[in-house]
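Asks: Dock chains U, P and S against the given chain G, drawing on the hints supplied.
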Amino acid sequence: MPLVLPDIDWLTLAPLLVLLSTASLAALYALYNRSSKAVALLALLGLAVAAIFNLQLFVASRAGELRSSFGLRYLADQGALAFNFVILLGAALAILISYDYLKRAELEQPEYYPLMLLSASGAMVMAAAGDLIILLLGLEIMSLAVYVLSAWRQQARESAEAGMKYFLLGAFASAFLIYGIALIYGATGFFSYPQIVAGLLAEGFEQIFLATLGGIMILAGLGFKVALVPFHQWAPDVYTGAPTPVTAFMSVVVKTAAFAALLRIFAFIYPELGVLAVQSLVVLIALTLIVGNFTALVQRGIKRMLAYSAVAHAGYLALAVLAAGNLGMRAAIWYLTAYTLMNAGAFAVLTLLSDRNDHGDDLERFAGLARSRPYLAAAMTVFLLSLAGIPLLAGFVGKILVFSAAIEAGYVSLTVIAIITSVVAMVYYLRPVMYMYFREPEYEPLQTNSRSTHIAIGIAVFGTVLLGIFPGWWYSLLDLGQSLLAGL
Amino acid sequence: MLTLNHFLALGAILFAIGLYGLLSRRNLVAILMSVEILLNAILVNVVAIARFNDQAQGDVFALFIIAIAAAEVAVGLALFLNVFRLNGVATVDPLRRMKE
Amino acid sequence: MLTFVVLSVLMIVGAVGVITLKQPVHAALSLVATLLTLAVTYVTLQAHFLAAIQVIVYAGAIMVLFLFVIMLLNIQGDQPQPHFRWMQIVAYLTALLAAGAIAATAFLSPRELPNAELMSEALAGGGAAAIGEALFNDFVLAFQLVGVLLLTGIIGAVSLVQRKATQTAKDERELSGV
Amino acid sequence: MNDIVTWAALAPVLALLGSLINGLFGRRLKEPLPGIIGSVAVGAGFVLSFIAFIALLGRTEPSVSLVLWPYLNAGSFSLELGFVIDSLSVIMMMIVTGVGLLIHIYSIGYMHGDSGFSRYFAGLNLFIAAMLILVMADSFLLMFVGWEGVGVVSYLLIGFWYRERLNADAARKAFIVNRIGDVGFLLAMFLIFKTFGTLNIAEVNEAALSLVFGSAALSLIALLLLLAATGKSAQLPLQVWLPDAMAGPTPVSALIHAATMVTAGVYLIARAAPLFAQSPAAAATVAWVGALTAIIAAFVALSQKDIKKILAYSTISQLGYMFVAVGVGAYWVGIFHFFTNAFFKALLFLTAGSVIHALGGEQNIDKMGGLGKSMKITGGTALIAALAISGAPFLSGFFSKDAILSASFNSELIAGYGNYVIYAILLLTAVMTAFYMFRWYYRVFAGSERLDKETKVRLHESPSIMTVPLLILAFFSVVAGYIGLPEFAFPNWLAPWLEQSIEAPVNFVHRAVLTEWLLIGLSVLAVAVGLGLAYWVYHLKNAAPLARFNQGFLGALNRFSQSGAGFDGLYRNVFINPGEGTAGGLAAVDKEVIDRGIRAGFVSVGLLGRLLGLWQSGYVRIYALAMLAGIAILVILLAVTGVMA
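Chains as they are written, first to last, in this note's numbering: chain G, 1 to 488; chain U, 1001 to 1100; chain P, 2001 to 2178; chain S, 3001 to 3645.
All the given hints hold, so there is nothing to weed out.
Far from chain S, some chain P residues (derived; all Cβ distances over 12 Å):
hint, residue
1, Phe-2004
2, Ser-2008
3, Val-2009
4, Val-2025
5, Val-2032
6, Val-2057
7, Ala-2059
8, Gly-2060
9, Met-2063
10, Leu-2072
11, Ala-2130
12, Glu-2133
13, Leu-2135
14, Val-2161
Derived contacts from chain P toward chain G, CB cut-off under 10 Å, selection only:
hint, residue
15, Leu-2141
16, Ala-2142
17, Val-2148
18, Leu-2151
19, Gly-2153
20, Val-2158
21, Gln-2162
If you're looking for bench data, these hints aren't it; they were derived computationally from the structure. Given the structure is predicted, the values throughout are model-derived calculations rather than measurements. C-beta atoms are modelled at their ideal positions from N, C-alpha and C, and glycine is treated no differently.
Just chain G, with the same shape it has in the complex:
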C-alpha cells in the first residue's frame, strides 16, 4: 500500500517549530552551561523569532490567504495567529519577570526556561488545533510543564503542594476531557472538527445524546483550565503557592490557550449539539462571575485576590465564548491581549514586593508604596484600575467589547450580572490602591537589581495605556478574522 503523504505547509508550523527547537537547544545548552542568563536570552530570542514568523503568517492571512496543515488539523487562520501573538507576549513577559525572580530566590536551574517554552508551544498547539486529539496533546504538553513549574521552589512546602494539587486535579480534569473526546468520537466516529460537524449534521444521526454528554465533559475539562466555577478551586491555592512568575504565566498563557480552544469548538461543534451543552456554559458563567468576584472581596493577600480576580475574568471571557462567532472571537482575543498585559504586569510588581521566599503579598506590603516607590505604585495602580475596568485603560475596552458581543448574541440578563459584578470588583481592586496612597509605609521595600522585571512592567504599562486610549488599531487588525472552519 503506497503511503500518502499528509499535506504539510511548513510555514504554518514555523512558529511552533521555532519554539520547540529553541526549547530543545536551550535544554541541551543547559546541560553543560548552567548560566541561566544565556538560556533566558536564548528563550527570548526564540520567542522573538517565532513572533516574526507568526507576523508573516498574520500578514498573509490578512491578505486572505488561509493556510493550514494536515488536512485542517493544524490551522493558521487569523484567530489562531492572533492567539499566538498573545501567547508569545505572555510567555515573554513571564520570562522577563522570572529572570530576576529566580536569581533572587536562588532557583536558577536553567531547565526552567525550556519548560516554559514547551508549555507555550503546547498553548500554541491548542490555539491552532482543528482536531480534538491535537487539542488534547497540546493541553497535556502545556499542563505537564506548568505542573512542574508550579513546584519549582522545591524547598518550599507551599510550592510543592501547589504542584501536587494542580497535578492531581488537573489529571482528574484531563480524564474528563479525554472521556468527552472519546464520547464524541463514539457518537460521530471522528476527531477533527469539520468531520465531527459533518457527522453531527449527517442524515439519520441519532447519537446526539452521547455527543452532548461528550460536549459537556469537554466543557468541564477546559473549564478546569480556565477556572470556571465549580472547577476553579485549584486556582486560588495553586496561584498562591506557585512561584509568582509562574503564577503570571499560568494566569495568562494557560488561560489564553484554553480559551482559544474553547472558542473554536464552541463556535463550530456546540451549536450542533443539544441545547443543554450551551445552557451549561450559561450556568457556569453566572456562577463564575458571582463566586469569583465576591470571594475576591474577602481576600487579604494580593496574590490570592488576583487569583480570584483571574477566576472572575474567566467569567467575562467565557461570556465572549458564549457569544460565539466572529464578534465573540474578536472580543475574546482583544480581552485576552489586555488581560495578558495588565495581569502579568500586576504579578510583576508583586515579585518586586515579596521577599525571596515569596512571603509577604499581604496588603500591608502595599502600604505607603506611593511614597517609597512612586513609579512602582503608579504602575500597579494602572494595572489594578485596568483590571477593574476604569475607562481609557485596556481592561475597560475589553469589557465593553465582551459585553456588547454578549448583548448582540442575546444574553442580556447574563450581561447585567456581569456589569453588576464588575462594579463589585472595583471595591477589591481599589483597596490596594488605597493602601498605596493613603497609608504610611510599614515595610522597607526591597532594593534589588531587577532590570528585566522593570522592562516587563514598562511594556505592560505602555501596552495597557496604549490599548486603552487607541483600541481601534488592534481591533481592526482582528477584523478579517475569517476562520478556516467558518465555511463548513
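Replies: What follows is chains U, P and S alone, placed relative to chain G:
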C-alpha cells in the same frame, strides 16, 4: 448478543470505581493509581468504539492515551517525591497550607 | 459473551482491589491484574497491537515506575482517618450515581458491534498496519506532539527530582519556612 | 482647527498636562510653583472656553463637534471619541474652569505649608481635566470616562489627609456609594446601545424623539440614568456620602462637592433631556426624588453643628432643586440654578475654609461666633452668599430658585396635581433654607464670641490670595442671576440660548401675569419668613428658644435631624449588621467583612467568610468532589432532558 453498550457500561463502571478511589483514598500513590483506572476505563470505551466504527483512528487515540498516561505518571511521581521529601508522609490531606 | 463477562468481572475485581487494599504494593499488583485483563479484552476486540502496547507500556513501564517508587520510599498504607468519614459515603454515592448516569445514557440506544470476522478483515493481522497508516498519515502531527509531550515529561520530572548536592539540610529547614 | 471654537478642546489637555507636571516633578518644585502651574493650566482653559463662548454667541447654530479619533469599530458597534462644544457645554466649561481657577488661586493660600502641596494641585488639575471631559463628551462612553475620572479623583482628594483614619473611611464610603450609581450608568449605556445601536448622545437624543412616548425601554433607560445621577449628585437614597466627603480639604469641597462634580447628575439629565421628556414616569421620578431630597436635606441642615456639614446638606438640598427643574422638564432652569449655585456655594465653602483656616482647624459652630468683626471680608462675602442662596430678592439665587418654583408650578409633564405638591414642598424648603443659612451665618459671624483663648489669639483675616477670590465670587453671586430673568415680564437671555442645545418638547402652562407675580410674591414671602425666624431666634434671643428642643417630641425630631434623617443608621442596620451581612451588598462586605472581619479572623466574619472557609478548605479531595458534583449535575440534567425528549 454483545453490543457496544456493554463495553460502554463496563467503561462507566470502571470510571466510577476510579472516581471512588480518587475521592476516598488518602495515599497519594493510590490516588495516582486511581487516575490510571480512570484512563483505562476510557481506553475500554475507545477501543470498543473503534471496533464498532471499524476504523483504526480509535486505536491511534488509544495509543495516544497510553502515551499521555505515561508522561503524566512520570511527572506525577516526580511531584509526589517532591512532596514526600518535604512532608515525610505520603497522604494527601496535609496538603492544605493554602486555603480560603 | 461469556468471555466478556469473565473478563469484566476480573477487571472490576482488580479495580476494586486497587481502591480498597491498604498496602500500596498490593494495590499496585491489583492494578497490574486489571491492566492485563484489559489487554486480553483488546485481543477479543481484535486489537492485537494495542494489547501488546498495553502490556509493554502500561503493565510494564508504568507499573514498574509505581512499584519502584513505592518500594524505594517504603510507603505505608492509609492511616485511620481523623476526619472525612462522610467523604467515603459521599464518594461511594457519587461514584454510584456517575456510573448509573453514564451507563444509562450509554444504554439509551444500544448499538451492535460488527462481528469478529468483519473486524479482522478490516484490520488484517492485529491492526498494526492499519494503525501505522493512520498514525503516519492523518495523525503524524499528533505523533510528533506525543514525542514533545514525553520530552516535556522527561525534562520536567528530571529537573524536579535532581537537587543541588551542595544544599545542606539546614538551608532546607530555613527556606521551607518552618 | 480652523474654527476658533475647537481650540477649547485644548482645555482638558492643558489641565492634564498641569497634572502630569505636578504629579511627576512636583516634589522638586518649590512651594508656590505647583500652585502657579496648576492655576495657569486652568486659567488658560478658562480663556479658551471664554473665547469659544464669545465665538458661539453670534452663531445661529451654536454647536461645534470635534472628532478626536475613531475609537472602536466592532461590528454594529462603532464609536468615535469626540467633543461637542455647544451652548450647554460651553456654559459648563466656563463654570468649571472659571470657578476652578478661583479655587486654585485660593488654594495656594489655603494649602500653604502642607507637605502634599504638589500632590494636591496634581489632583485638582486632574479633576478639572476629567470634569471637562465629562461635560464636553459627545458620547455616553466618553462621558463615562469623565464620570469615572471625577469619581476616582474625588476619592483621592477626600482621602488627601489620609493620616486621619476618618478621611480614608469617608473616601471609601463616597467611592462605594458612587459605584451603585455607576451600575446604573453602565446598564443604561448598554441598554441605550441595544435600543438605539449607538452611544453618540446627539444621535440617541434624535432617535429618542422618534420613539413611542413613554415606551418601556425608554423609561428603563431614563430610570437607570437617574440612578447614576442620584449617585453622583448625592440625591436620595444615595446622599449619604456627601456629608462625609467634607473630610477633604475645604477648597476641594468647594470645587468638587459643591460647585462642579455633584452637578454632573443634573448635567447628565439635561444632556439626555429627550430621553426624559419622552418618558413622563421617569421624569416624575426625577422631580419627586429632587423634591424629597431638597426638603429632607434642608431638615437635616437645621440642626447640624459642623460648619461644613451644614453646607454639605444645603448642597444636597440645592441639588434637589435642580433635580426638580430637570424633572419637570425645565432643563435650562436646572442649568441656570447650577450656574448661580456654583458661585454662591463655592463662596460659602471658601468663606468656611477661610474661617477654619483662621481658627486652626475648628469646625464646630458652637465654638465660633462674632467672627465678622475680625474677618471683615470673609464675613461680608459670607453674608452675600447666604442671602443669595436663601433667595433674597435681586441676588442671583432669587432668580434661579424662583424659576424652578414657577416651572414646577406650571409643568405639564407631571400628571395630576403632583406638580403642585412638589411646588409646596419646594416653597417650604425655601423657608427652611433661609432659616438654616442664617442660623449658620449668625452662629459663625455674628453674636457673641465663644472661642477658646488660644484660638482667639490666632484669629486673623486670611491673606489676600484667599480673599480676592472671595470678592470675585461674591460679585458674581450678586449679578449672575440677571441672565435669566423671569420670562413673562423681562427679557431672558439664557433660556433661548440653552434651548438651542436641549431640544426636548415639554409643555408649560402659560398663566396670567398676575399669577406669575403672585408666585414671585410667595417666594419672597417664604424667604422673609425663614430669614425673620432666624433673626428672631439667633440674633434677638441668642438661641434661647432652642432650649425646649431637647425633650419630648421636639427633642426626638431634633435628634432625628442631627442623625442625618436616620439614613446612616438605617443603612448600617440594613446592610452592615453581620446578621443580615451577606445579603448586604458591597458597602457591608467592604466595611465589615474586610476590615473588621480580617482582623478578628475569618471565622467570625459572618456567613460569607464561613462558607468560603468550608468550601475552599484546601483539601484536594473536596475540590475534586466539587468538580465531580458540577459535572454530575450537568449530566443528570442532560439525562433528565434527554429522557423527556
